[in-house]
Amino acid sequence: MAGNQEFDADRAQDFRVVGTRPARPDGMDKVTGKARFGADMNMPGQLIGKILRSPHPHARIKSIDASEALAMPGVKAVVTAEDFNADAKDRDVLTNIMARDKALYEGHAVAAVAATSRIKAQQALKRIKVNYEILPHVTDVDAAMQPDAPILHDDMFTQGLDEKPAKPSNINARHEFGHGDVEKGFAQADIVIERDFKTAATHQGYIEPHACVANVGADGMSELWVCTQGHFHVRSQCASLLGMDVSRLRVTASEIGGGFGGKTTVFIEPVALALSRKAGRPVKLVMTREEVFKASGPTASSSMRVKIGVKKDGTITAGEASLNYQGGAFPGAPADFGAMSAFACYDLENVKAVAFDVVTNRPKGAAYRAPGAPMSVFAVESVVDELAKEIGMDPFDLRLKNAARDGSKSSYGPKFGKIGLVACLEAAKAHPHYAAPLGPNQGRGVASGFWFNFGGETCSNLNVNEDGTITLAVGTPDIGGSRASMCIMVAEELEVPYERVRAIVADTSALGFNDTTEGSRVTFSSGMALIKAARKAKEEMCKRAAMMWDIPAEAVYWAEGAAHPSGPNAGDFEPMTIEEIAGSAAKTGGPIAGHHEYNADGAGVSFGTHIVDTEVDPETGYVKILRYTVVQDAGKAIHPDYVEGQFQGGAVQGIGWALNEEYIYGEDGRLQNATFLDYRLPVASDLPMIDTVIVEVPNPGHPYGVRGVGETGIVPPLAALANSVSAAAGVRLTDLPMSPPKVLKAIGATKLAAE
Amino acid sequence: MRYEAPGTIEEAATLLARESGIARVLAGGTDLLVQLRAGMIEPDLVVDVKRIPAMMDIVEENGGFRIGAGVSCARMGEHAALVAAWPGVVEGAELIGSTQVQGRATMTGNLCNCGPAADSVPGLVAAKAVATVVGPEGRREILVKDIPAGPGKSNLKKGEIVESIFLPKRPERSGDAYLRFIPRTEMDIAVVGVGVSLTLDADGTITEAGVGLGAVAPTVLDVEDAAKAIIGSKLDEAALEKLAAAASAACNPINDKRGTIEFRVDVAGVLAKRAAKIAYKRAGGK
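If you read the protein sequences in the order shown, they are chains A and B.
Position one of the first sequence corresponds to residue 1 (UniProt numbering), numbered consecutively onward.
Position one of the second sequence corresponds to residue 1 (UniProt numbering), numbered consecutively onward.
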C-alpha cells in the first residue's frame, strides 16, 4: 500500500468547506431537464444509425449481403467488420463491437446502417441478408468448463497453468492468491464448513442507454459526443479501432444517466464513427433498452465453493475458495478480483483462493461496481455467518477476532496500511439497529466487504479568472457528484467560498490523458490533482502580490482567500484578495493558473459493514426489507450527501442482485428478460430508507484523507441479505437471486426434512 | 399506417371490419404504443376509440355499473360509488402500471390484450362481469371470461369492439377483493392473480361466490370448484383449505422467467385464501 505520505492531520482539524453539503452544481439543470445527456445532442444533417444483431447465441457468419439495403432510398451507409482496423490493439473489443467470423452471443453486432430516419434504418436492417451456420452454444459457467462443451475460441488455451494445455477450452485463465498452508489450517480447526454458491449475472441497470453522435470530417478530423465514464479511453479505443491518429478525434462526454462501470468501454461509438466516415455525414446512434441488456456489458455469473475452518474460540485457521466466473464471450470475467477480495476482510495465516475466468455465449462483460468482489464475498461471508452460529459466537465478535488490521498481510499479497475495517465493525456492532428486536419470520444479517480503490493517470487544470472566480477543468466524467467535491476541495485550499469555484468536465483536446471514472478514483485522484493545482496557483498569487508590493515572494503567505505579508518586517500592506490579484494579473505576468498531472498512487482501500433485517412470507417466499444500515470508511467525506448517496446506491444495487435481478437464458441461448419489466431492479417502494454511518479513518495517501467510496457499498449486501433471509426462513440460501420461488422451495425442502 | 378516430362505435367497427391488413384498436395505448415503438407490430390501421362519447363514461344502470371501454383506470379509482360496490375490481384495475400509466390505461384494453396475467381480469371474472360488444353483425353481450382465447388471442370476431363492461347490481352483504403476487411492490406483472367475489346471508354464510385466477393458465380462469368450496361456509379453516386446494388444482401454468409451475400452483392457493378473507370482511362477515 505504497503512496506518498500526503495526509496533513493538522489541516484536517480545521476544515471549513470540506464536510459541508452545498447544492450540487449540476442539480438545477438536471431537475429542469436542461442537462444534456447522450441522446440530447443532434448535429446538422445527421443520420440515424441502427445495428443488426445476431439472433443466434453462436453461429458462423458465412456471408453478409447488404446490397438490397444499400439500394433503399435514404440509406447512406452500411458497415460490417471489414470497416474496422483489423490490426486494432484490443482484438477482443474489435471483435465485440462487430462480429468477424462468428457471432458469439445473441445480440452480437453483425452489421450497421446509417439512414436519414430511424424507420428507414430499421427497415434497411431487415434487408441485410446474413447467412449463418448455427453452432452449439453454452451459457452456463459450469457447463462451459466441461470437456465436451462447445468451444467459443479455438485459440483459447488456459493461462496460469503450469503447462500449456493440449486442447483449447472455454477457460481463459486460472488465478491463484493466498499464503500459508490451508490443509494444515483445516487440520487445526474444530469446525470446518464447506458450501457451494451460485450468483446470476446482473446488469448495472443504468437508466440512460448508451448514446452517441459521431462526425468524421472530410479531412479526417472527427468529433464524438458520447455518454461515457471515460472519454479519453473512448478516444484511444476508437482511434485504434478505426485506424486513426488520436489527435484527429475529439471526444466530449455528455452528462451521464448512470454507469456503475458499464460505461467504461465502447460498444456503439466506433460503429457510429465508421458509419459517419463512410456516409460523410454525422451519425447518431442510441441503444434501445433491449440492446442495452443484450449487447452491453453485464457482470459475471458465478459458481463457487468456499471452505473455512474455525476453532471453538473463534480463531479462523484457514480459508479456501474456488471461484468460476463467466464474463461472456471474451476473456475478462473479474475472477481475479473475486479471488483477491474474497478473504480481504480477514487476517489469516492460511488462505487460498483460486479463480477461473470462463467464456460463454453471452455478451462480453464490463465492469460493475467493485467488479468480482460481491460474489466471492457473498460466499465467504455466508460461511462465516454459519460458523458463528455453529460455535455460538456473535457474528461481529467472530469478525472482529479475525479482522484485517493496520499492517495485516492481506489475503492477496500486500500488507495493509492504515485501514478502517475494525472501526466499521465496532460502529456497526454499537449501532442501535443491531440491538433492535425482531418479530416472527424476521431475520438479521450482517456482512463486511472490501474494495481496492484506484488512483491512475490524471490531468487537471485550474484557472483563476479575471474576477477572482475559479474554473476547474477535469478529465473524469462526473458520475457521482465529483464536480461538487472538486469545487469543495479547491475552495478549501484557496480559502474562498464554494460558490466562487465551478468545475467542468473538459473534452479530450483540452487536457492530457485521464483514466476513466472507475475504481472509485475521481475524488481521490482528480481531487488531489486539483489540490496540488490550487497550491501552485496560491504560490503564483503570492508571487504576484509580492511583485506588486515589491517584497520577496517568500515574505507572502496565503490565508482567507488573500495574500498577506508574513509580518511587519515584510511590509505594512493590507491583504491583497484573490479578486485584486486576478484583476491586475495583466500587469503582473498574465493569466494565473495551476495544473497537475500524475499517475496517482496511494488510493486507500475501503471497508464497509452492513446490517439488514428482512421478513420472509413463509407461504410465498416473498422477502421484505425492514431495515438496512450501511457503515463504511470514507477516509474523509468531502461532500457527505454524495458519500451517503454512494453508500445507499451500492446497498440498493446489492439488494437487487441478492433478491430478484438476474439474466435468464432459455435453452435456446437467448435472453428471456431483456426489459425492465422482467429484469427486476428494485423499485423505490421495495426499499426502506437506507441508514448510513460514515466512518473516517484518513487515507495517508491523500492530503485530506480521502478514500474512494463508490464501490465498497455493493460488496457486503449480497451476503448480508443471504444471512438475513436465511435467518428469517430458517434455511441457508446459497443461490442468488433469492427470488420467491427459490425461497419457497427452500422452506418447503426444510419442512420436509424436519418431518 | 393509417390512424382513424371515429365518433361512433359503429364507424369504428366498420373501419376494422373493412381493413384487410393488420388492424388494432387504440384505447389508452399503454400496450399498443409500446409494441409499436419496439417494432413488435406494424399495423396497417389504428382505430382510436377515445372520441366515441359512449365509451368514455361510467354509468350507473339498474343498480349496476357500466364502464366504457375508454375509461382510464385512474377514473375508476376516483368513482366513489364504483369503489364502494366493487373494491376488488377497482383494485385490480389500479394495479396496472404506474401512476402515469393509470391515467391512460383502460380495463377493457387490459382485457382485450388477452394476457393471462392481466391484473383487472380475475376480479371481473369473479364478478361475472358482462362485456357489450359491437361488430358488423350488431351488438351482443358476452361474459368477460369468454373473451380471451389464449395469450394474445381473443374470441372476438373481426371488426368487433368491446364497448363497455357491465358489473351487475350488488346484493346486500357482498364484497370482492383482488390480490396478486409480484416479487416487488409495484411496476411488475402478476406471477399469480386471484379475484374473489362473494355474497353473505344475514348470519355470515356465503351464498354466492366467484373465483377468478390469473397467470396460471393460458387464459384467466373462472374456478367454479373454488367458488363451491366456500359457498355454504362461513369461511372457516376447512373451507379455506378446500378453496386453496381447488384453486391450486385448477392451475395449468408454465415455467417461465416470472415463476415456476410449483410456485404458481402453491401461491394460487395461498392468495385465494387471503383474497377470500378480505372479500369476506368487506361483505361484513366476521
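Errors might be hidden in some of the hints.
[What the hints assert, rightly or not] No more than 27 Å apart at the CA atoms, straight line, and that leaves these computed lysine-lysine pairs for DSS-like: (1) Lys587(A) / Lys198(A); (2) Lys742(A) / Lys257(B); (3) Lys242(B) / Lys742(A).
Hints were generated in silico from the structure; no laboratory data involved.
Just so it is clear, the structure is predicted and the values come from calculations on it, not from any experiment.
Here is what the structure says about each hint:
no., hint, verdict
1, Lys587(A) / Lys198(A), "violated, 68 Å"
2, Lys742(A) / Lys257(B), "holds, 13 Å"
3, Lys242(B) / Lys742(A), "holds, 26 Å"
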